[in-house]
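K.L.:
For this one, chain F is given, so just place chain X on it according to the hints.
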Amino acid sequence: MRYVCAVAVSLVTCLATARSVGAQAPDAPAQETPDLVQQLPNPIVSFVSTPVTFNWEQSAGSLNTKEAQRACDGCPPRRIGMSLLQTTGINVIYGLGNLARGQVTGRITPKTWWANMQQGWVWDLDDFTVNQIGHPYQGSNYFNAGRANGLSFYESAAVTAFGSGTWEYFGETNHASLNDLINTTLGGITLGEMFHRAGWLIRNTHATGKRRLWSEIGATAIDPITGLNRFASGDSSRVTDKPSDLVPSSLSGVASAGALWRGSQSSAFNQAGDPFLEVDAYYGDTNVGRSRTPYDAFWLRMRFGGGRSFSEARVRGRLFGQPIGKSGLQFSVIQTYNYQNNDVYSTGSQAIDAAIGTTRALSPRTNFWILGWGGVTVLGAVDSLPLGVTEKPEEETPSAGQGVSEGPRYYDYGPGSDFGGLARLTRDGRDVALFFYVGRQIYSLDGVRANHFLQHARVDLLFPMRGSLGLGVSGEYFDRRSYYQDAERTTRKYHSPQVRAYFTWRSQ
Amino acid sequence: MKRLGLCVLLVCLIPARALAQDAQPSAAASGLWFVAGAASGTLRGHCQDCVQDFPFRHGGALVGNAGYRVNPRLSLGADLFWMQWRNESGRIRATAILAAAQFRPWESKGFFVKGGAGMALVRNWVQTLGPNPDNSKALALVLGSGWEFNPKGRYGLQLFAMQHVGALGDLQTVNGSVADVTANFWSLGAAIVIR
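Protein chains in written order, with my numbering: chain F, 1436 to 1943; chain X, 15 to 209.
Hints are not guaranteed to be accurate.
Stated by the list, open to error - Stretch-level coverage of chain X by chain F, calculated; a stretch enters the list once three of its residues show a Cβ under 8 Å from a Cβ in chain F:
id : stretch
1  : 57-64
2  : 117-125
3  : 190-202
Just so you know, these hints were derived from the structure itself, not from any lab. Note that beta-carbon positions come from the ideal geometry of N, C-alpha and C, so glycine has one too.
In isolation and in its complexed conformation, chain F is listed as follows (with noise of 0.2 Å):
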């Protein structure tokens, strides 16, 4: 639940404050560099605008040291040691945080440390949201403390893998778990860079005063630790130009807002609607340039409502991309973090994909943009129940200790292989329709033996009203097959069908 709130504290100030700031265009004409002496920061100054500044008794001397480890004038000094510091630093907070929760499993000693090196990783068994979205969550931290420390994307990812191997070792008394390692390590990239670009995009690194301070709490607030970070060097004060490679090329977003109607296996339709909220997020523009610049674009989106209380968060980030010739093609590698949980279906996924899309115009005012991928599904989770069991029962209380889960698990986890498609129709640059399918497979490696074959197809219908005003319409479907290795080679289908009827409000 913490992580939840977490992540909705982090979307609510996102949306609260990215419109009125926007993107920073590239181009923007660059400030003069202040002379060193200039940059000393005045106490006063200090005091009023940055509240948490202790680097006001600095000497030229060490300024110039720190200016020359910038990549560029609004960047961080470069700080390796540091950012190993601070994620060591992220794991025994989250410690003492366990510990203050009263879980068996923070009460860690060097016989616990040794008991974990000496077993290996073995597979957990924590609950769903846990594994799939707090861990990813804790994963983001340590790639900032990456990032808010000058290292790169890929720096930044052998940091967040650092973080989690660490954890998994000496943060807690559970033995090590491979299926975190994944998911804090992938997912913490992936979130945590789409939470890193967030936060410079409400920062105004122009701004002085108040205005600039509440932007960089704003900020804070989405990527705690590069917020930290530069309150607490000072940087939070520095008047500067963004990092050229943190401002977007394009930024839009649309909120819809409505009710859904979802159907199971058992029951056509729920007779009420879940009333949901869900934020659709274009940084860049995946499908067109050449790209060496890993998340240079993405598009997230995330459900509030629907059935639970966050049920649904993706995001696709491009790793790379390259125009194929001049046939309009387009070829992108795209990382992938999925995440959706509802009162039918559980799912999440870390994966790695190859796409080829393209973008034609259908006449001045309308596009059609269209993209196919195929990739790897590093590990996938998908929620399952023994042959025999027909309800998941009712979790019992650990006799073990607080913390410590002891099973069983009503969902599997397991490697695989992804594919899908995706088109949309703009006119006038706005969705007309939308078209979504992925089809997943997940070879079972723990949990109940069985080879799981997902796919999920979605279509919207925006019509627009007034301004920024629109209204939706949606289908979705969920169908999962589950094919059984046991001896009569049991096969299961599943399915929901999904309506959705809702209201738009688009930012561009």
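P.N.:
Chain X alone, transformed into the frame defined by chain F:
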């Protein structure tokens, strides 16, 4: 005897760095990343519902990498790990092929970390040694770190500690099915690096 042999190999590998440096003191590194070496390994099985404590088994291992140097600090490519243990009843053998990244945080220092994911092929696991081998495929992960000597030159030597894990799922044995099996491999060794 095997351990002695491995120690001799490691000792022999150490001067290779100096020789390589002398031979090509200023050779520019290419985009290639190639690593080959040997290690002393320990393996151990685990399964979620097993009550018995599985033994640690020690044996020799071979390691290798082939790939591309993205920049002076980061290399991407394939990681190969092979390990075998045998007694009178039979042998356990594991081969892991992974996509891996090796990263040196400090460009001038030899310290590196490595991580990756891929697939492992495991022949006979846990205590299933017999005339009819059980073969399994597994999801494999690797985490490791080490020190590279002469990290900027074309030839170098690395000392490493790595942990590979293979998640086998169910293992079908002559005695029945063992559920949710994982295999852990710890290795300590040395390798020659060519860039």
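K.L.:
Output the numbers, in ascending order, of every earlier hint that fails for this structure.
P.N.:
Those not satisfied: there are none.
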